[in-house]
Amino acid sequence: MVAEIEPSNIERSFLLESLEKGIRVDGRGIYDYRTLKISCGPTAGLVEVQLGQTRVLARVSCEVTRPFPDRPTEGIVQFNAELSSMCAPGFDSSGKPSAQEVAVTRMLERVIRQSRAVDTEALCILAGEKVWTVRIDIHFLDHGGNLVDAASVAAIAALRHFRRPDVTVDGEEAIIHDVRERNPVPLSIHHTPVCVTFGFFGEAMMVLDTSLLEEQTQVSSFTVTLNSHREVCALNKAGGIPLSPGQIQRCIQIALAKVDELNEKIQEAIKQ
Amino acid sequence: MANVKVVLPGDIVDTQSDGEAVLRLGPGLVQHNDDIQATTGGVLHASSDTNQWWVGSNRRRYVAAEGEPVVGVVVGRHGEGYRVDIGSAHDALLPLLAFEGATKRNKPNLAIGAAVYARVAVANSMMDPEIECVNAHTGKSEGFGELHAGFVFRCSLGLARRLLSASSPVLAALGAELAYEAAVGVNGRVWVKAGSPEKTILVVNAIRNSEHLDSRQCKQMVKELLDRQSL
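Respectively, the protein sequence lines represent chains F and U. Going by our numbering, the residue at position 64 of the first sequence is 48; the numbering climbs one at a time, nothing skipped. Each number in our numbering corresponds to the 1-based position in the second sequence with 127 added.
Incorrect hints may have been included.
No more than 25 angstroms apart at the CA atoms, straight line, and that leaves these computed lysine-lysine pairs for PhoX-like [unchecked claim]:
1. U:Lys350 x F:Lys5
2. U:Lys326 x F:Lys5
3. F:Lys80 x F:Lys221
4. F:Lys5 x U:Lys320
5. U:Lys234 x U:Lys267
6. U:Lys346 x U:Lys320
Computed far set for chain U versus chain F, every beta-carbon distance over 12 angstroms [said to hold, decoys possible]:
7. Lys132
8. Thr142
9. Val149
10. Gly153
11. Pro154
12. His159
13. Trp181
14. Asn185
15. Gly228
16. Ala229
17. Ala250
18. Gly266
19. Leu290
20. Ala303
I should point out that these hints are in silico values taken from the structure, not numbers from a laboratory. All C-beta atoms in this analysis are idealised placements derived from N, C-alpha and C, irrespective of residue type, glycine included.
Sequences and hints are given; from them, build the entire structure.
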């Protein structure tokens, strides 16, 4: 199996040298995102996001199941993300998931599920018996750095793009209409959380939207999850060098500005 | 445009040979019983004087072939040499004595993660490839050896080959305005060093952009990059 290809010493030192002068290796500004392209596929709920070289595909599907016994009036949101060797040589789907894979998957699960972006009460058909289970599958097609941001945009755009079959409840009976009979309805989404990730290189050098080389060279990374109502949904920092409260505040301010741009792009893409 | 023949994998190629002259098959062609079959998709080329046929195609995965210059990264050291990653399926071996002026007493000391420019000495499908930083006949390094400072980036194999040809438009256009050094590896890796980080990044971006541009567009693109930089 091919292990992850580490960058050479020259690449690392050139990157740090350029960053000290405020220049990034691909010519971007330190707080610039790469070109973000969102394409909502032919099927409802299929979205592919390209963030520079990084490509992620999100797919939403639903089916009718029994609810959890302790939550009879809520639908279920299931989340699945796998990093395979298609996106980078270091990932191996056959063995145990590596620490990075687990971190990315857990981060996305928090963003979608625990931030309660999807209204699960609206997914109930018959309390205690039938509810919708919404399943989100994320496939990473190419790892060009910053998988989390690209995947969070893909997941939330797919949820907003998705249409589920319409249901009429008549007492104890529920009729699920075929999509050809009645137009399918969108999911009820409370808010649109997106992740904004920063990379740190020590001594107050910080960039937004790390490319693959920057991600392999960074000493710390920090993700802020915000929605369009300017609410912070989650902060995530796993290991790495310590950050001061001032730095965290600055990151949040920058993220607030960026989240508006991201949300606009998502809106535009879904309309088409 | 002359007759350009495009082949797909599996196509039988008719070389119109009379069965007497020796036919040499290059990359992308393989002999199957009495037929010659293409194994990759691309444009069929033939050189009439050496009677050699091959399929030219662009890809990103490198397969080591003897005599080619490559840029590699040292990933380990063991016994008699270094293990170097050159992007092929297996890491290459770089013997400790394959450097200019190396003797048993005076061996080079490369760090893990160092970048080297080397020539492929041995490459076949049954062994790990071997590379060397010296010309085995003359004993001179001829430009090979460890690469210091600068930056290394990846590109497609087709672009790397075009850069190595004598008349690469993008390198000529850049050379007219900037002073820079570059080492191009046929394995799709290029090392660039210019006076300052900004200039190096400009050269890197210019080479990356030139993948699908012809020579006039290359000159235009380089001019635009330089103008934007000096503003």
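A quick look at each hint next to the structure:
Of the pairs offered as hints, the one joining Lys350 of chain U and Lys5 of chain F holds, with about 24 angstroms between alpha carbons and a cut-off of 25 angstroms not exceeded. Taking the CA atoms of Lys326 of chain U and Lys5 of chain F, the gap is about 13 angstroms. The hint holds against a cut of 25 angstroms. Distance restraint check for Lys80 of chain F and Lys221 of chain F: the Cα-Cα separation of roughly 23 angstroms lies within the 25 angstroms cut-off, and the hinted pair is therefore satisfied. Of the supplied pair hints, the one linking Lys5 of chain F and Lys320 of chain U holds, its CA atoms being roughly 17 angstroms apart against a limit of 25 angstroms.
Restraint check for Lys234 of chain U and Lys267 of chain U: satisfied, since their Cα atoms lie roughly 15 angstroms apart, inside the 25 angstroms limit. The hinted pair formed by Lys346 of chain U and Lys320 of chain U meets the criterion: a straight-line CA distance of about 20 angstroms does not exceed 25 angstroms. Non-interface call for Lys132 of chain U relative to chain F: holds, since the shortest CB-CB distance, roughly 32 angstroms, exceeds 12 angstroms. No beta-carbon of chain F is positioned within 12 angstroms of the beta-carbon of Thr142 of chain U; the least distance is around 36 angstroms.
No Cβ of chain F comes within 12 angstroms of the Cβ of Val149 of chain U; the nearest lies about 38 angstroms off, and the non-interface call holds. Every Cβ of chain F is farther than 12 angstroms from the Cβ of Gly153 of chain U; the closest lies at roughly 27 angstroms, confirming the non-interface assignment. Here Pro154 of chain U stays apart from chain F, with its beta-carbon at least about 22 angstroms from theirs, past the 12 angstroms limit. Look at His159 of chain U: its CB is around 30 angstroms from the nearest CB on chain F, clear of 12 angstroms, so calling it non-interface holds up.
Annotated as non-interface, Trp181 of chain U keeps its C-beta farther than 12 angstroms from every C-beta of chain F; the closest such distance is 27 angstroms. The Cβ of Asn185 of chain U lies farther than 12 angstroms from every Cβ of chain F, with a closest approach of about 18 angstroms, so its non-interface assignment holds. At roughly 23 angstroms from the closest C-beta of chain F, the C-beta of Gly228 of chain U stays outside 12 angstroms, upholding its exclusion from the interface. In this structure Ala229 of chain U is separated from chain F by more than 12 angstroms, as the shortest Cβ-Cβ distance comes to about 21 angstroms.
Here Ala250 of chain U stays apart from chain F, with its beta-carbon at least about 18 angstroms from theirs, past the 12 angstroms limit. No Cβ of chain F approaches the Cβ of Gly266 of chain U within 12 angstroms, the least distance being about 27 angstroms, so the stated non-interface status holds. Every beta carbon of chain F lies more than 12 angstroms from that of Leu290 of chain U, the smallest distance being close to 19 angstroms; the non-interface claim holds. For Ala303 of chain U, the condition that its CB be more than 12 angstroms from all CB atoms of chain F holds, with the nearest at approximately 21 angstroms.
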